[in-house]
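Model the full structure from these sequences, guided by the hints.
Respectively, the protein sequence lines represent chains A and B. Just so it is clear: in the first sequence, position 140 is 142 by the working numbering, and no numbers are missing. Just so it is clear: in the second sequence, position 33 is 632 by the working numbering, and no numbers are missing.
The hints are simulated quantities; they were obtained by calculation from the structure and are not laboratory data. Each hint should be verified, as a subset may be incorrect.
[As the list claims (entries may be wrong)] Derived list of chain B stretches under chain A, where covered just means 3 residues or more per stretch with a C-beta under 8 angstroms from a C-beta of chain A:
| no. | region |
| --- | --- |
| 1 | 670 to 676 |
| 2 | 742 to 753 |
[Stated by the list, open to error] Straight-line Cα separation of at most 20 angstroms, PhoX-like style, residue types lysine-lysine; simulated pairs:
| no. | chain 1 | residue 1 | chain 2 | residue 2 |
| --- | --- | --- | --- | --- |
| 3 | A | K90 | B | K716 |
| 4 | A | K46 | B | K603 |
| 5 | A | K154 | B | K699 |
| 6 | B | K622 | A | K90 |
| 7 | A | K46 | B | K720 |
| 8 | B | K603 | B | K622 |
| 9 | B | K742 | A | K186 |
| 10 | A | K28 | A | K55 |
| 11 | A | K101 | A | K46 |
| 12 | A | K186 | B | K743 |
| 13 | A | K46 | A | K114 |
| 14 | A | K114 | A | K144 |
| 15 | B | K699 | A | K90 |
| 16 | A | K180 | B | K648 |
| 17 | B | K641 | A | K90 |
| 18 | B | K601 | A | K46 |
This one's a predicted model, so the numbers in the text were calculated from it and none came from an experiment. Think of the CB as a built atom: it goes at the ideal place given N, C-alpha and C, for glycine as much as any other residue.
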Amino acid sequence: MELSSLNGRIIGVISDDFKEYDYQDKLVKDLITKKVDASFKMVKLDNSVLNEKFSDLPLGDKNKVILANQLHNQEIILVNFSKGLIKKDLDYFKSLFKKIANYGKKIILVEKRMDLFLNCVDRIYVINEDEIKYETIDIFDKTLGLYADYPKIVEFYFKGIDLGVRLDQYTELDELLKAIYRIKS
Amino acid sequence: MKIKEEYNYVILSNEINRLLLAKFSEYPMIDSDMNYNELKMKLEFHTSKIVVFNNTFYNLRDEEQKEILDLLKRQNMHFILITSNIEEALLGDYIIVFDKKGIFLEGLKNEVLKEEKKLKKVGFGLPFVVDLSIQLNYYDIFKKVYFDMNELVSDLWN
Numbered sequence: 003m004e005l006s007s008l009n010g011r012i013i014g015v016i017s018d019d020f021k022e023y024d025y026q027d028k029l030v031k032d033l034i035t036k037k038v039d040a041s042f043k044m045v046k047l048d049n050s051v052l053n054e055k056f057s058d059l060p061l062g063d064k065n066k067v068i069l070a071n072q073l074h075n076q077e078i079i080l081v082n083f084s085k086g087l088i089k090k091d092l093d094y095f096k097s098l099f100k101k102i103a104n105y106g107k108k109i110i111l112v113e114k115r116m117d118l119f120l121n122c123v124d125r126i127y128v129i130n131e132d133e134i135k136y137e138t139i140d141i142f143d144k145t146l147g148l149y150a151d152y153p154k155i156v157e158f159y160f161k162g163i164d165l166g167v168r169l170d171q172y173t174e175l176d177e178l179l180k181a182i183y184r185i186k187s
Numbered sequence: 600m601k602i603k604e605e606y607n608y609v610i611l612s613n614e615i616n617r618l619l620l621a622k623f624s625e626y627p628m629i630d631s632d633m634n635y636n637e638l639k640m641k642l643e644f645h646t647s648k649i650v651v652f653n654n655t656f657y658n659l660r661d662e663e664q665k666e667i668l669d670l671l672k673r674q675n676m677h678f679i680l681i682t683s684n685i686e687e688a689l690l691g692d693y694i695i696v697f698d699k700k701g702i703f704l705e706g707l708k709n710e711v712l713k714e715e716k717k718l719k720k721v722g723f724g725l726p727f728v729v730d731l732s733i734q735l736n737y738y739d740i741f742k743k744v745y746f747d748m749n750e751l752v753s754d755l756w757n
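Below you can see the structure in the form of structure tokens.
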């Protein structure tokens, strides 16, 4: 399956088909050769990792190196990027992806979970065994739940529906809280 | 690192590297590249009392995570789950939070997850259900913190 043929600017893909990048014992400085300082600053990496082996890096830093390595490409493909990253970093990268996409680049996020997709991607595909099984622009799409777990705020919405409570589809906690407060008061 | 056999541990860190993993090297470790069936099979034939999961639950759906925890319980096994995903903190009894300098915070789940400011300051945030219920406490809608989404939803809407 050629991921570059998918439509969208920031694309979420739910799939088991794609392998994570593994540069094994290569040194980071041999992987990032273009505009090192700017790339590292953008992905929040310290220059001290340049002399380290890729295999020795913490999981989150591995993903940052993989992103830095692709930053100057027209198309960026990241597999299981959210693995090893904490919430603060995920929020940062969501906004970075939007900035990068504004320069006309395509970003494809292949994930097993949908947390990274929330407030980030403009289209979601499900790909299994080299075939597109499903596609949607809506993270609240009921069918998506067959393929992966929803982000918790979306799960909360569906659990309310099961009890007959129809809230708007909020993707931010602050807005959700205000809506609950309005109902409860 | 001293581990009590009666607890299931969640180790939260944003730098899961060899140094951190070495602290648990006396126990068998399962990495993150297994799917549900492979993991289940491996655990069914496991003989040790404690197993270390290194980001292992990333590949599993929530239901599958529950199945694995039930399997461990049936086999009288305990786990040490190393992760950077704060949602997985709900799966353990005892939480240890590492930052770059070492242990930043530790304690029983219900104590650690109430440390809203500290956990947000170091970037982990809170599990959604805990965050929502703490905020609803501020709004005077609840008077307790929830660790289970079904319980929260039921108390909120029924």
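We went through each hint and held it up to the structure:
no.	hint	in the structure
1	670 to 676	violated (count 0)
2	742 to 753	holds (count 4)
3	A:K90 / B:K716	13 angstroms, holds
4	A:K46 / B:K603	36 angstroms, violated
5	A:K154 / B:K699	28 angstroms, violated
6	B:K622 / A:K90	25 angstroms, violated
7	A:K46 / B:K720	17 angstroms, holds
8	B:K603 / B:K622	14 angstroms, holds
9	B:K742 / A:K186	14 angstroms, holds
10	A:K28 / A:K55	5 angstroms, holds
11	A:K101 / A:K46	15 angstroms, holds
12	A:K186 / B:K743	16 angstroms, holds
13	A:K46 / A:K114	24 angstroms, violated
14	A:K114 / A:K144	17 angstroms, holds
15	B:K699 / A:K90	15 angstroms, holds
16	A:K180 / B:K648	46 angstroms, violated
17	B:K641 / A:K90	34 angstroms, violated
18	B:K601 / A:K46	33 angstroms, violated
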